[in-house]
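As a plain string of letters, each chain reads:
2 protein chains.
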Amino acid sequence: MPYRAPVSELRFVLDHIVGFDRVAATDTFAEATPDMVEAILTEAGKMCEEVLSPLNRAGDITPAALENGVVRTSPGFGDGFRAIADGGWIGMSADPEYGGMGLPITLTMAVNEMIGSGCLALQLNPLMTQGQIEALEAHASPEIQDLYIPKLVSGEWCGTMNLTEPQAGSDVGALKSKAEDNGDGTYAVTGQKIYISWGDNDFSENICHLVLARLPDGAEGTRGISLFMVPKWIPDADGKPGVANTLKVVSLEHKLGLHGSPTAVMQYDGATGWLVGEPHKGMAAMFTMMNNARLGVGVQGLSVAEAALQHAIGYAMDRKQGKTGRDADHILEHADVRRMVLSMKADIFATRALAMDCAVSLDMAKATGDAAWKARGAFLTPIAKAFGTDTGIKVAGDGIQVHGGMGFVEETGAAQFLRDVRVTAIYEGTNGIQAMDLVGRKLMDRGAAAFALLDEVEAFGNDDLTTAATHLRKLTEWMLEQDMQDRFAGAVSYLGAFARVLGAFYHLKAAAAETTRAPLAAYAAGRMIPEAMAEMAKARTGAAELYAVSTDVIAA
Amino acid sequence: MPYRAPVSELRFVLDHIVGFDRVAATDTFAEATPDMVEAILTEAGKMCEEVLSPLNRAGDITPAALENGVVRTSPGFGDGFRAIADGGWIGMSADPEYGGMGLPITLTMAVNEMIGSGCLALQLNPLMTQGQIEALEAHASPEIQDLYIPKLVSGEWCGTMNLTEPQAGSDVGALKSKAEDNGDGTYAVTGQKIYISWGDNDFSENICHLVLARLPDGAEGTRGISLFMVPKWIPDADGKPGVANTLKVVSLEHKLGLHGSPTAVMQYDGATGWLVGEPHKGMAAMFTMMNNARLGVGVQGLSVAEAALQHAIGYAMDRKQGKTGRDADHILEHADVRRMVLSMKADIFATRALAMDCAVSLDMAKATGDAAWKARGAFLTPIAKAFGTDTGIKVAGDGIQVHGGMGFVEETGAAQFLRDVRVTAIYEGTNGIQAMDLVGRKLMDRGAAAFALLDEVEAFGNDDLTTAATHLRKLTEWMLEQDMQDRFAGAVSYLGAFARVLGAFYHLKAAAAETTRAPLAAYAAGRMIPEAMAEMAKARTGAAELYAVSTDVIAA
Numbered sequence: 001m002p003y004r005a006p007v008s009e010l011r012f013v014l015d016h017i018v019g020f021d022r023v024a025a026t027d028t029f030a031e032a033t034p035d036m037v038e039a040i041l042t043e044a045g046k047m048c049e050e051v052l053s054p055l056n057r058a059g060d061i062t063p064a065a066l067e068n069g070v071v072r073t074s075p076g077f078g079d080g081f082r083a084i085a086d087g088g089w090i091g092m093s094a095d096p097e098y099g100g101m102g103l104p105i106t107l108t109m110a111v112n113e114m115i116g117s118g119c120l121a122l123q124l125n126p127l128m129t130q131g132q133i134e135a136l137e138a139h140a141s142p143e144i145q146d147l148y149i150p151k152l153v154s155g156e157w158c159g160t161m162n163l164t165e166p167q168a169g170s171d172v173g174a175l176k177s178k179a180e181d182n183g184d185g186t187y188a189v190t191g192q193k194i195y196i197s198w199g200d201n202d203f204s205e206n207i208c209h210l211v212l213a214r215l216p217d218g219a220e221g222t223r224g225i226s227l228f229m230v231p232k233w234i235p236d237a238d239g240k241p242g243v244a245n246t247l248k249v250v251s252l253e254h255k256l257g258l259h260g261s262p263t264a265v266m267q268y269d270g271a272t273g274w275l276v277g278e279p280h281k282g283m284a285a286m287f288t289m290m291n292n293a294r295l296g297v298g299v300q301g302l303s304v305a306e307a308a309l310q311h312a313i314g315y316a317m318d319r320k321q322g323k324t325g326r327d328a329d330h331i332l333e334h335a336d337v338r339r340m341v342l343s344m345k346a347d348i349f350a351t352r353a354l355a356m357d358c359a360v361s362l363d364m365a366k367a368t369g370d371a372a373w374k375a376r377g378a379f380l381t382p383i384a385k386a387f388g389t390d391t392g393i394k395v396a397g398d399g400i401q402v403h404g405g406m407g408f409v410e411e412t413g414a415a416q417f418l419r420d421v422r423v424t425a426i427y428e429g430t431n432g433i434q435a436m437d438l439v440g441r442k443l444m445d446r447g448a449a450a451f452a453l454l455d456e457v458e459a460f461g462n463d464d465l466t467t468a469a470t471h472l473r474k475l476t477e478w479m480l481e482q483d484m485q486d487r488f489a490g491a492v493s494y495l496g497a498f499a500r501v502l503g504a505f506y507h508l509k510a511a512a513a514e515t516t517r518a519p520l521a522a523y524a525a526g527r528m529i530p531e532a533m534a535e536m537a538k539a540r541t542g543a544a545e546l547y548a549v550s551t552d553v554i555a556a
Numbered sequence: 001m002p003y004r005a006p007v008s009e010l011r012f013v014l015d016h017i018v019g020f021d022r023v024a025a026t027d028t029f030a031e032a033t034p035d036m037v038e039a040i041l042t043e044a045g046k047m048c049e050e051v052l053s054p055l056n057r058a059g060d061i062t063p064a065a066l067e068n069g070v071v072r073t074s075p076g077f078g079d080g081f082r083a084i085a086d087g088g089w090i091g092m093s094a095d096p097e098y099g100g101m102g103l104p105i106t107l108t109m110a111v112n113e114m115i116g117s118g119c120l121a122l123q124l125n126p127l128m129t130q131g132q133i134e135a136l137e138a139h140a141s142p143e144i145q146d147l148y149i150p151k152l153v154s155g156e157w158c159g160t161m162n163l164t165e166p167q168a169g170s171d172v173g174a175l176k177s178k179a180e181d182n183g184d185g186t187y188a189v190t191g192q193k194i195y196i197s198w199g200d201n202d203f204s205e206n207i208c209h210l211v212l213a214r215l216p217d218g219a220e221g222t223r224g225i226s227l228f229m230v231p232k233w234i235p236d237a238d239g240k241p242g243v244a245n246t247l248k249v250v251s252l253e254h255k256l257g258l259h260g261s262p263t264a265v266m267q268y269d270g271a272t273g274w275l276v277g278e279p280h281k282g283m284a285a286m287f288t289m290m291n292n293a294r295l296g297v298g299v300q301g302l303s304v305a306e307a308a309l310q311h312a313i314g315y316a317m318d319r320k321q322g323k324t325g326r327d328a329d330h331i332l333e334h335a336d337v338r339r340m341v342l343s344m345k346a347d348i349f350a351t352r353a354l355a356m357d358c359a360v361s362l363d364m365a366k367a368t369g370d371a372a373w374k375a376r377g378a379f380l381t382p383i384a385k386a387f388g389t390d391t392g393i394k395v396a397g398d399g400i401q402v403h404g405g406m407g408f409v410e411e412t413g414a415a416q417f418l419r420d421v422r423v424t425a426i427y428e429g430t431n432g433i434q435a436m437d438l439v440g441r442k443l444m445d446r447g448a449a450a451f452a453l454l455d456e457v458e459a460f461g462n463d464d465l466t467t468a469a470t471h472l473r474k475l476t477e478w479m480l481e482q483d484m485q486d487r488f489a490g491a492v493s494y495l496g497a498f499a500r501v502l503g504a505f506y507h508l509k510a511a512a513a514e515t516t517r518a519p520l521a522a523y524a525a526g527r528m529i530p531e532a533m534a535e536m537a538k539a540r541t542g543a544a545e546l547y548a549v550s551t552d553v554i555a556a
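Going down the list, the protein sequences come from chains H and S.
FYI, the numbering used here numbers position 157 of the first sequence as 157, with every residue one higher than the one before it.
FYI, the numbering used here numbers position 508 of the second sequence as 508, with every residue one higher than the one before it.
For reference, chain H alone in the conformation it holds in the complex (with noise of 0.2 Å):
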């Protein structure tokens, strides 16, 4: 079952849920055009069924590996890497100075799903690359800035994210790496750093580490932090590769999915590392990193959730099993076979829905300036970033029901989508974490935000969806009035719950613009809708209630 890119149903979400004419009518983005969408979202598409697709496989059965302290990609790799930086795709949104399109980060989320699809572990690696330039664009000198953009567009140079240590995962603070001054405007960066994607290729010529380490004068905790820019060949005069830096990496993971991603350990001994942004400030520069790899990681989730239900249905349609009493017998026509499937189909919609939205704020934000646009695409964030990669594992686990027992076994395919997209719930932030910041940070506007959103939801008239609305809206006003403990207690409920609210409320404006779409929206609605009253009871726990039950009676 060859993957089919789902060109047309993106263009329906950008066209009747999403709004995004509204995008193509600033000037920032005057370029992105029906034309233009068409014209990406085709080539891109094609690209990702006939080059990456094919790859999948390959990078799940033979991993990448380290030999010789270098890392060996898997077969197929550095073409399909070539495909993505030829087509244009890793820049899409940079700054066209540096040879960028310039285009909206929605349509780089739009082609980053197909890629993803495609073939996911490759993907990551453009993914970080993408996060890399944008804290570029926004932090580093011109001098750096001029050097690295424009080879990290065109695929010559690759870029990676070094924020973990062992003892300082969620808590980056916790950091130990050291930079000290060489005097001569480098620093010099010494440290380990752990679960590094894309720590290493074969196929391009320079890879470009984004190292957060303290500076000898820098505080304890995240306010001591600084980033620097750590190239495993240092730039001659001309700007071309040069003398190896002092880095290397140590060993690869051995993981239950993404095996074409070599995930490294990296080990900097007094690597040389310019500073990106100010001393101290490193953790903001990594935040813009992070913020759109938090939506570009949920887009991550419904890349494989798409790519699993093509698959489902595939074998679904093939496969006859026993007397379904309708027109054909293949098991697609049994109830709880279409169920699933409906399911897997409504929970993708609501997911690019949610991933595209979200994508559209933070583009009208930054084309306007507008700080509701900020504060919505802020807010949605996190909800994408979960609630997209929870539908990729919850997805990728139907897809191998589906499938009965051919689903366990690995030459299916089905299982691969379950191992690969599992870690989608865990990096870029756990999930957990994506919920705290959401009833944390997120409700510091005091609700307006969650409150923004709910008067949209509302405004669409549905009498189900409004019920829900106005009790996520009371909830909403329950958190505000919680100490942080008892926000975090109901964070991961809170979180889905308001996710499912705006995944009927996008079912339905789909149903409104296209009544095909009607039954789709009437199941899935009716689905979300409950769901979100359960998680709603669920939210309001309290950490009372989840510290009653002791530590000693929990490890007894």
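These are calculated hints, taken from the structure and not from any lab test.
On a predicted model such as this, the values are computed, not experimentally measured, just so you know.
Honestly, I wouldn't trust all of these hints.
Remember, identical chains collapse to one label, so a pair may be satisfied in a single copy or spanning two.
With a Cα cut of at most 25 Å, we get these calculated DSS-like pairs of lysine-lysine [as the list claims (entries may be wrong)]:
| # | residue 1 | residue 2 |
| --- | --- | --- |
| 1 | Lys320 | Lys176 |
| 2 | Lys281 | Lys366 |
| 3 | Lys374 | Lys474 |
| 4 | Lys178 | Lys46 |
| 5 | Lys366 | Lys46 |
| 6 | Lys178 | Lys323 |
| 7 | Lys178 | Lys320 |
| 8 | Lys176 | Lys323 |
| 9 | Lys178 | Lys248 |
| 10 | Lys394 | Lys374 |
| 11 | Lys374 | Lys281 |
| 12 | Lys46 | Lys248 |
| 13 | Lys248 | Lys176 |
| 14 | Lys323 | Lys281 |
| 15 | Lys178 | Lys366 |
| 16 | Lys281 | Lys176 |
Dock chain S against the given chain H, drawing on the hints supplied.
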């Protein structure tokens, strides 16, 4: 984090939740005194901790392999199997006349839980043998019983189930394997069978395949199927393994998990077999084997959930990240990690109580012949299978999440639990099939068994629980008025709702029995009841809504 057998927890469930004393009060099971139960659970638990649990990783890393037509099992599995056999754990519930202990199936399930927590891939072997023993006790001729059952009970020989063929999975009636009368009391069995768990091994003297095949005069569909005992080595006049039968392992599947369990494609080429039961009545015999195996597979979900929970708690209490604002800084003190761990713990308690409740019903039915007990056990079996395995998958997933990035790294072991348990929702009848059995066959009593269970729940007298039970009663009445397709459309949600209402009931009973359990019970009921309400809303979907989304739209 070594596995610790939850002996006292099992005792609590038996004594305070499912009324095991009623089983022990019957003549049939008079030996199952509290002292006997304690001794059995303690002894079996010790073996699981010390012998089986250490094998679990080895089975994953070094899968069973086919070498020159013979299966070489994973390192240590032969010793592990011998420990299980020598402990008498295979034939705990088998007839003492054949060397069994004649103990309640409830105790077999309790011991099976611990064996599966220790090493699920290995546990699948005796589980298949246990099912075969039951089928032979109920349906085989005295000659076959006398020859085979003692060897199966002692573990000298192992048993397998051969149902599935490439075109006949959930639709067993589509099988093509044939059997012809040899005229000497034996039959020549020919055909290919797939997904044969433990189709071969290198640690038992003989392997006894129960094979479904069709006699020349067998009707089409399930009504024309007969069951045959087809041993790997044909027993000689002394009952010792003699000449090789004409059967072979063609290949082993490369699976997502359970690598230590060889899943074989078996080829029978006129292999010598003996009829078990009446001609054309093979499905009835197979159902005997499958029925308790279904409960056994539900318990497998529980096994993995318990092991994954212990593993996650061990990690969470060791891992320090950030400030928790509480006494300790390990991540179990963070609200969202605690939420995950409590949810895991709550679901496991409910799953264990459900499995044991079902087992007690089966034992009481056997001991008393009472039709109400029989119906109760039959109603609970598909719920225990589906909810148990869904819980295994969910808890294993949460276990990965608790580990953060380490959860995606195979060395941690968290991912193996998910890979291993995933198939339990598929084999012995997919969870969708279980749900269809529940709303179809198990409501053929016009809801009597369902209503009797809801009477028990309502009699407990908790207001929230009673409200949920009343809704479930109305939903059951609604189901009884629908045609089968409409029932099937809501079957999985109906089962999910029933499981959660029962789960909340068990928890509240636990709180009433032991006040230290009240906090977890409150937390559990506060989740399960709203979730049950959501599932009940979804259960009323109806087939029309499912098929309103046309196949063309799905495939578009």
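* For which of the previously enumerated hints does the structure constitute a violation, in increasing order of number? -> Going through the list in order, the structure violates hints 4, 5, 10, 12, 15 and respects the others.
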